[in-house]
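Visitor: Now for the letters of each chain:
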Amino acid sequence: MINIFRSLFLSLIGLGPFAAISIFFIVSMIVGIGPESALATYFGDYIINSESLADAGDSFEDVSSYLFRFFYELNIALLSLTIIAALSWSASSHYLNIDAPGKAKIYFIHWAIFSSIFVGLLVAIILYFTQSTAYLAQQFLSGSGKTQIILISLVLYIIMYYAGVLLGTARFARSSVLLANKLPGGF
Amino acid sequence: MKNFIIGIGGTGAKCLEHLLHCCSAGLGPKNLWAGMVDQDEANGNVSRTKILLSKYMNLRSSLRNESKHDLAKDSNLFKTNVTANNDSVWLPLKGADPTLEEVINYNMLKPEVKGLINCLYDPEERMQNLSEGFRARPNIGAAAMLATTANEDDPFWSQIYKAIDAARGGEQVKVFIISSIFGGTGASGFPNIARRIKQIQQEKNVTSNFHLGGALMLPYFNYEVPEENMEGELFGKPEEFLDQTKGALEYYAKLFEHNKIFDQVYVSGWDPLSKLANFKMGGNLQNNPPLFPELYAALGALRFFSEDNSISENQEIFHIGKNESNDILWSDIPNVSNNLNSKDYLSKLIRFSFSYNWMYGPALTGSWSKIKKYQNENWFKRLIYKNTYNYETKSCEVGHEQNQEIIISMQEYCQDVLTWITDMQYSTVANTDQKMDLIVSDFFSEFKAKNTSKRVDIKEKLNATEKNQFNTLINDSKNLKLLNIMSNISYKKTYKDQKGLGVFIDILFRSCEQ
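Respectively, the protein sequence lines represent chains A and B. Heads up, the first sequence is in this note's numbering, so the first residue is 3 and it goes up one at a time. Heads up, the second sequence is in this note's numbering, so the first residue is -7 and it goes up one at a time.
Looking at chain A on its own, in the form it has when it is part of the complex (with noise of 0.2 Å):
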């Protein structure tokens, strides 16, 4: 059990780089940022469709609490599955039946799945968000917008789920993910 729970602690090591980006990100939207800011100005050139904006009459004051709550929301969830996705991965390698030598990397095969269905759920949500009428605040979106957000919460989140069971992989079942078996043997 204790070796259990080091997986857990390294895994947590992993994704803390990245959970902290995440984290940041979400704290700043709940609590709000100022119009003046680098984040407000990036939002207003890139992300919004500000010309369906100015269409409808309204500005980015206006929408900016229906924007915030969506990014949030959306990291939130995303930042839940990649801890809950890498923690279970880590706690649950330690049962997979690697009883004998050069047996690990036959579970690559578990990890390819676990990690695809991963990716796949990832997509999932950040496509429910930004495709569904769940949030109000999509339709404020630009295409390229709507791009930028898939692109960049699918590569921050996948390496935060790759870094998370890179580290908390048990050490006998390190052959079973991509690279882990080049971490040093006592690590």
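I should point out that these hints are in silico values taken from the structure, not numbers from a laboratory. Quick reminder that beta carbons are idealized off the backbone N, C-alpha and C, glycines included. Mixed in with the good hints there might be a few duds.
[What the hints assert, rightly or not] Not everything, but these chain A residues come out facing chain B in the computed CB check (under 8 Å):
#, residue
1, N5
2, N99
3, I100
4, D101
5, A102
6, G104
7, A106
8, S146
9, A172
10, R173
11, F174
12, S177
13, G187
14, G188
[As the list claims (entries may be wrong)] Only pairs whose alpha carbons sit at most 25 Å apart, straight line, appear in this in silico DSS-like list of lysine-lysine:
#, chain 1, residue 1, chain 2, residue 2
15, B, K364, A, K105
16, B, K491, B, K362
17, B, K473, B, K60
18, A, K107, B, K484
19, B, K267, B, K252
20, B, K386, A, K184
21, A, K107, B, K364
22, B, K378, A, K107
23, B, K364, B, K485
Guided by the hints, dock chain B onto chain A, whose structure is given.
Guide: Below, chain B alone, put in the same frame as chain A:
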């Protein structure tokens, strides 16, 4: 502290076999000198123990080499530094085919002494060729032993003299003798060797620091003697064992009443007697299986050597036996001391032997080109690669001849452990109503009671289903899975003073602990 053990006769040698396995599990003292006494030098039981003793010593010296491969001081595997003379067996009567007449110079004796000898020994006994032992005739053995014991120049006896000298120098010395009460060599050697040692002690005026212990095996097995071709032969007759034992016990009762020969005596037997499938008079074909009561004698010896054993002024006699039911369980095995739980240590050794023999030994056997496929696995990287890497040649040397020799010897030793425990489990209860439930062995071995030379056939390879039964290997215990072993070897901390292959072997051994 110096410890000495002497196994007398076939039973003594077999008890030493159990003792060596217990020592490899970590139940033994720090050091131990081992010797055997048997007139039947070619005896299968003696040769088996002799080979095991030499395997133990070689493997231990390879794995306790501070400059190359070191298991570490704190490791329990092969903890006991067992030493022996170049020839670990002492023959009371040297020379080719000696007879009792030759030993006592019968033809040179005065007529009245000849007459006395004629009363004590019939012509068959006087003329019997003794190169294959005393054939369950302690009266012959006693005469032979008394005629030859305690030659200070003899390498065997010089060890005993040195031991007694060491006691005089203030060092604690313990000597332990194991034999059967009902055979020939054992029954004659036990009291005579003990008394001789005591006599040397008195001659050297050693009054403290020296302790003598012994284990006496009461009848615990019998066998059927074939009717053909036995006419005129001298051999141990099972139907006489009980009478011999009765006589011997009366003798010991009187001896112990008047003299304090032993500090502690451990007495063990077995009821009902184990039935051996094969009868052989002696020689290399007499290869009897290891039996459970012999383990009692071995554990008695280890208890005697234990630092926790307080030896009182009075002579103590301990009896040991199993529970009254027909089931023999782990709970029937006594602990060596409060800190040394026999079951924990032995089950760890058995699990280690299994996992080394079928899982890790084969992975490490062969050239680097075969082994390197594991180089990215954590256990290999941490425990093997790092510790067998040569920084000068910039290569991992696990595939080199010297390392391969150790890896293969360890595998052979593991097979010996599995054979020993399996043979004991089957042979002790064969053809009786008893049942021994220490381990589950049928999935990795095949037992053929009639095949004296190889009763237990350990499978060369196991399939996945058989390997999965590892978690049922040890009965009466929460069992580890092979997955747990793999996990443990990946996480167990290494000791600072470990080196080379000693790192992996000790970690694997410790990983097999429950």
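Visitor: For each hint, tell me whether it holds in the structure or not.
Guide: Evaluated hints:
no., hint, verdict
1, N5, "holds, 5 Å"
2, N99, "holds, 6 Å"
3, I100, "holds, 6 Å"
4, D101, "holds, 3 Å"
5, A102, "holds, 5 Å"
6, G104, "holds, 6 Å"
7, A106, "holds, 6 Å"
8, S146, "violated, 43 Å"
9, A172, "holds, 7 Å"
10, R173, "holds, 4 Å"
11, F174, "holds, 4 Å"
12, S177, "holds, 6 Å"
13, G187, "holds, 3 Å"
14, G188, "holds, 6 Å"
15, K364/B to K105/A, "holds, 14 Å"
16, K491/B to K362/B, "holds, 23 Å"
17, K473/B to K60/B, "violated, 32 Å"
18, K107/A to K484/B, "holds, 22 Å"
19, K267/B to K252/B, "violated, 35 Å"
20, K386/B to K184/A, "holds, 18 Å"
21, K107/A to K364/B, "holds, 14 Å"
22, K378/B to K107/A, "holds, 21 Å"
23, K364/B to K485/B, "holds, 23 Å"
Consistency note: the structure conflicts with the earlier hints numbered 8, 17 and 19.
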